[in-house]
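Knowing the structure of chain L, use the given hints to seat chains P and H on it.
Listed below, chain by chain, are the residues.
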Amino acid sequence: MTRAERISSGIEGLDVLLQGGLIKNSINSIVGSSGTGKTTFALAYVYQGLLEGDHILYLSFEESPSKLMSEAESLGIKIKEIAKNYNDLIHLVESEKIVEFMTNILPALAQKLKYKNVKHTRIILDPLTPILWEFPSEKDQRKVLTKIYHHLSSLGTVLQTIEEPNAFGQTDIGAVETRVPIYLSDSVIHIQNLGLGGKYNRTCKIVKSRRTAHHEGIYPLEFAFGQGISIDTSSVAEIIIDSKTNDVRYLELKKKIKEMSKDKDPKKQIIAQIANNLLGEREKREGKENIELVNVLTDPQILQEVKK
Amino acid sequence: MQITAGTTSHRSINQATKTIIKDVIDNINGTPDFLLVAFTPNYQSKEDYEYALAKICEESGTKNVIGGIFPGVATSNELPTTQGCSVMGFKGDEVQIQPPFDYTNVRINPKKGAQEIKNAYKATDKLSKLGFFLTPGPFYQTDAFEQLKVLDTFFAKKFKKMFNLIGRIINKNMGKNGYGSTLFADTILKTLVEDGVKNALGGATIDLDMEKCYQFSGENVFQNALVGTIFSSDKLSFNNNWTFDKSQHSRNFFLTEFLKSSGYVQKINKKPANEAFLELIDISRDLYDEAFGKLSYASLLYLSALENEYEDYVPFVSVCHPILDGVIATVPEKSLCNDNIKADFFTQSGTGIQKSAFECANNLIQGLTDLRFGIFINCSNRLLIAGDKIDKENKLIEQALGEDVPFITLYSGGEFSLINQKPIYSAVSIHGFVAGEPTVNTKNVVF
Amino acid sequence: MSYIQGISSELEDLIFLEDVEASMLFRIDGNVVESCFNKKYSQELLRTVQWCKANVEKVSLEMRSNNLNKVTYELNEFCVLFFVVNSITILTALANQNVNLSLLSIEAKRKSQIIANYL
Chain L
1 MTRAERISSG IEGLDVLLQG GLIKNSINSI VGSSGTGKTT FALAYVYQGL
51 LEGDHILYLS FEESPSKLMS EAESLGIKIK EIAKNYNDLI HLVESEKIVE
101 FMTNILPALA QKLKYKNVKH TRIILDPLTP ILWEFPSEKD QRKVLTKIYH
151 HLSSLGTVLQ TIEEPNAFGQ TDIGAVETRV PIYLSDSVIH IQNLGLGGKY
201 NRTCKIVKSR RTAHHEGIYP LEFAFGQGIS IDTSSVAEII IDSKTNDVRY
251 LELKKKIKEM SKDKDPKKQI IAQIANNLLG EREKREGKEN IELVNVLTDP
301 QILQEVKK
Chain P
309 MQITAGTTSH RSINQATKTI IKDVIDNING TPDFLLVAFT PNYQSKEDYE
359 YALAKICEES GTKNVIGGIF PGVATSNELP TTQGCSVMGF KGDEVQIQPP
409 FDYTNVRINP KKGAQEIKNA YKATDKLSKL GFFLTPGPFY QTDAFEQLKV
459 LDTFFAKKFK KMFNLIGRII NKNMGKNGYG STLFADTILK TLVEDGVKNA
509 LGGATIDLDM EKCYQFSGEN VFQNALVGTI FSSDKLSFNN NWTFDKSQHS
559 RNFFLTEFLK SSGYVQKINK KPANEAFLEL IDISRDLYDE AFGKLSYASL
609 LYLSALENEY EDYVPFVSVC HPILDGVIAT VPEKSLCNDN IKADFFTQSG
659 TGIQKSAFEC ANNLIQGLTD LRFGIFINCS NRLLIAGDKI DKENKLIEQA
709 LGEDVPFITL YSGGEFSLIN QKPIYSAVSI HGFVAGEPTV NTKNVVF
Chain H
756 MSYIQGISSE LEDLIFLEDV EASMLFRIDG NVVESCFNKK YSQELLRTVQ
806 WCKANVEKVS LEMRSNNLNK VTYELNEFCV LFFVVNSITI LTALANQNVN
856 LSLLSIEAKR KSQIIANYL
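Sequence lines, in order, name chains L, P and H.
When we follow the numbering used here, the leftmost residue of the first sequence carries the number 1, and every step to the right adds one.
When we follow the numbering used here, the leftmost residue of the second sequence carries the number 309, and every step to the right adds one.
When we follow the numbering used here, the leftmost residue of the third sequence carries the number 756, and every step to the right adds one.
Chain L extracted, bound-state conformation (with noise of 0.2 angstroms):
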């Protein structure tokens, strides 16, 4: 796996989960229903990219961006102290101008920025839902999207939040309405507020990380006034600092999956979409067991009993 250059997130935890940070100039999703802290991750975002130099575009289809800097006040994330005007940094989209501003305007800007030779962006499309409205088709928003990521992602990270439709408590991610820029994004990172109180009522999950073996639990999320969220990854630590993680058997584990996924035989894949479930649910098992697991996924009796 080559190293990818990577950016800070802000958000306490998730550069653990994510090895790192999130890959420079990838397309990074947030999904979550309301109220499960989306733009609460996008602040801490900017946050973070201002404590970095970075430059920032913060493209708001919802908010006023009085509403949001007070919000991020109330956290904590003192985004006011850094950046004096923040009308600067947030632009607010007004929903009839959508059509317009991501066929036309946005990537003006993008090819201007471009030729400024800005830093690097940090750019922020809160919420994307709104636009998934404008283009209601799956093919329509594929190509829209395509094209906007395209000159965003020359010019920075994005970090994109999406709303999620799903009732309370359901967690079908693959839903209509989101299936597209989750298709599209590099990243997804899936959050989600139960209701019911208790440590994993609010949680983070990694759905997707294109280029980073990513930890597939689902860890607690709490809100915490100065850094906006932060995510308990006291697990994923231990991990790190056992050497089991980095067992070479793991890692050879990790490199037959995924030889395994990207065979044409159907069956091969989804033995390899098993394995990597369980995987990631069992970061902490040993390599030896691993090993073990693959043979038996591996095993031409099961193979068979799969092509049933």
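Fair warning: there could be bad hints in the mix.
Calculated pairs, DSS-like style, for lysine-lysine (alpha carbon to alpha carbon, straight line, at most 30 angstroms) [claimed, not checked]:
{"no.": "1", "chain 1": "L", "residue 1": "258", "chain 2": "H", "residue 2": "825"}
{"no.": "2", "chain 1": "P", "residue 1": "579", "chain 2": "P", "residue 2": "642"}
{"no.": "3", "chain 1": "H", "residue 1": "795", "chain 2": "P", "residue 2": "520"}
{"no.": "4", "chain 1": "L", "residue 1": "116", "chain 2": "L", "residue 2": "78"}
{"no.": "5", "chain 1": "P", "residue 1": "520", "chain 2": "H", "residue 2": "808"}
{"no.": "6", "chain 1": "L", "residue 1": "256", "chain 2": "L", "residue 2": "208"}
{"no.": "7", "chain 1": "L", "residue 1": "143", "chain 2": "L", "residue 2": "24"}
{"no.": "8", "chain 1": "H", "residue 1": "795", "chain 2": "L", "residue 2": "267"}
{"no.": "9", "chain 1": "H", "residue 1": "825", "chain 2": "L", "residue 2": "208"}
{"no.": "10", "chain 1": "H", "residue 1": "794", "chain 2": "L", "residue 2": "262"}
{"no.": "11", "chain 1": "P", "residue 1": "354", "chain 2": "P", "residue 2": "326"}
{"no.": "12", "chain 1": "L", "residue 1": "119", "chain 2": "L", "residue 2": "97"}
{"no.": "13", "chain 1": "P", "residue 1": "371", "chain 2": "P", "residue 2": "579"}
{"no.": "14", "chain 1": "H", "residue 1": "795", "chain 2": "L", "residue 2": "268"}
{"no.": "15", "chain 1": "H", "residue 1": "825", "chain 2": "L", "residue 2": "199"}
{"no.": "16", "chain 1": "H", "residue 1": "794", "chain 2": "L", "residue 2": "267"}
{"no.": "17", "chain 1": "P", "residue 1": "554", "chain 2": "H", "residue 2": "825"}
{"no.": "18", "chain 1": "P", "residue 1": "354", "chain 2": "P", "residue 2": "543"}
{"no.": "19", "chain 1": "P", "residue 1": "498", "chain 2": "P", "residue 2": "650"}
{"no.": "20", "chain 1": "H", "residue 1": "808", "chain 2": "L", "residue 2": "256"}
{"no.": "21", "chain 1": "L", "residue 1": "268", "chain 2": "H", "residue 2": "794"}
{"no.": "22", "chain 1": "L", "residue 1": "267", "chain 2": "H", "residue 2": "813"}
{"no.": "23", "chain 1": "L", "residue 1": "267", "chain 2": "H", "residue 2": "808"}
{"no.": "24", "chain 1": "L", "residue 1": "208", "chain 2": "L", "residue 2": "84"}
Read the hints as simulated data drawn from the structure, not as lab findings.
Computed from a predicted model, the values in this text were never measured in an experiment.
Here is chains P and H on its own, set in the frame of chain L:
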């Protein structure tokens, strides 16, 4: 008097031992006088138990330890565990607890085992005294299934899946050397009566797989031994008692034909026992198999109780099996003497079991005040019937004794009591004893 | 010991019981919080694990709406026991059908109470 009781649970015996020492034994200031130690059988290896006991003796500073393995162990204020250890520790002058005695090969010579108890019992002249002993669990004597031999191997295989408990005894221990457990416990109790011992409480160590069961005395781990001690006191009184779930008594029947060597009942009411048994529980063969095919312990819901000279009923387990014509029962062999034995039929329920535990504890506290502690020997079959509701039973005991009274419950493979020279050996029952100050006899107060 | 190590250790205790093949802590939406497996894998076991994962949401909804503490299923060669830990997590023990269910449920109840303290 300092008394501590606690339970710990862990997959590793070393860890469980470490925690029990830290959380329970160390709570006693100074060296404890006596420790009652009960482990669950899941740790299996004898060396493991030896190591654990050595550690307990070393850390506590006393070798006055007895105990054994039981499928479930519990103490007051704790959930019962099936994977861990319970300990009760004593220090103080109110109750004298004699250094433990042990006698190996009790299965071969139960009378000699009873002698050990008697000797220790006679060695103290305190006002109140009670013998406490633990024995090996159920074993079948060599000729137990002699008359079934033709069908042996076939049954052994079939039994294993259908009846985990009884099936496994037969499967694994048929033909092994040894005395039938029911008989040796019975013999011990009767010998004690003859020797003038008044009160005793005992239980059989057991592993539900009927493999090896261990008894502890000091640092020693035995496989076929009787271990015990005598509790005595001038200041405190001891009450002991027993009961079982009598709430659902259905009808009477007669055991008309049986194997005198094993408690295997061939005919009930002159009909094949199996058929008669199903008639008694009023259920069809198919339904019985469907309901209980995989739940071996469900059969334990049915008890046959025999009348004896001391009590109205003493209960024993009856197990019905699809292939056998007879019924397997845990009736002591010596009780099977006449040709027509009247028995009563009881159905056990979770609620009934809980109520009977409360009843037992409630009877125990009569005439006592300021209770110091309690020791209960409960049947492991009751543990199986109750399942995860077993903690309710312990809560009820706690309710009866009072919140701060420490007690320990050992889920055994046989319960024995000698209550004022009345020997009780029974199955699926709860036996217990408590220590407390006798209430002042108002008749003696002169106004 | 971190809370997750504690949970993991409790789950591991369960698979040390005879005939218990796996123990998992699920969130009610089917996400796995922590899990522990017996060293011997089998296709049947994997299939049953997948079944648990796919159905825990349905089961938990049923358990919550009917105020159930414990639900037991028998499927394939296995017996699956769901035990409520708290409002959002469920302890699942997967055992061979010959398992002594009573003993397992005593221990599962014990574990669920300990795990609830961690969460």
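For each hint, the structure was consulted:
{"no.": "1", "hint": "L:258 <-> H:825", "verdict": "39 angstroms, violated"}
{"no.": "2", "hint": "P:579 <-> P:642", "verdict": "23 angstroms, holds"}
{"no.": "3", "hint": "H:795 <-> P:520", "verdict": "26 angstroms, holds"}
{"no.": "4", "hint": "L:116 <-> L:78", "verdict": "28 angstroms, holds"}
{"no.": "5", "hint": "P:520 <-> H:808", "verdict": "38 angstroms, violated"}
{"no.": "6", "hint": "L:256 <-> L:208", "verdict": "19 angstroms, holds"}
{"no.": "7", "hint": "L:143 <-> L:24", "verdict": "23 angstroms, holds"}
{"no.": "8", "hint": "H:795 <-> L:267", "verdict": "23 angstroms, holds"}
{"no.": "9", "hint": "H:825 <-> L:208", "verdict": "34 angstroms, violated"}
{"no.": "10", "hint": "H:794 <-> L:262", "verdict": "28 angstroms, holds"}
{"no.": "11", "hint": "P:354 <-> P:326", "verdict": "18 angstroms, holds"}
{"no.": "12", "hint": "L:119 <-> L:97", "verdict": "28 angstroms, holds"}
{"no.": "13", "hint": "P:371 <-> P:579", "verdict": "55 angstroms, violated"}
{"no.": "14", "hint": "H:795 <-> L:268", "verdict": "22 angstroms, holds"}
{"no.": "15", "hint": "H:825 <-> L:199", "verdict": "22 angstroms, holds"}
{"no.": "16", "hint": "H:794 <-> L:267", "verdict": "25 angstroms, holds"}
{"no.": "17", "hint": "P:554 <-> H:825", "verdict": "28 angstroms, holds"}
{"no.": "18", "hint": "P:354 <-> P:543", "verdict": "39 angstroms, violated"}
{"no.": "19", "hint": "P:498 <-> P:650", "verdict": "22 angstroms, holds"}
{"no.": "20", "hint": "H:808 <-> L:256", "verdict": "24 angstroms, holds"}
{"no.": "21", "hint": "L:268 <-> H:794", "verdict": "23 angstroms, holds"}
{"no.": "22", "hint": "L:267 <-> H:813", "verdict": "28 angstroms, holds"}
{"no.": "23", "hint": "L:267 <-> H:808", "verdict": "21 angstroms, holds"}
{"no.": "24", "hint": "L:208 <-> L:84", "verdict": "36 angstroms, violated"}
Hints 1, 5, 9, 13, 18 and 24 from the list above are not met by this structure, while the remaining hints are.
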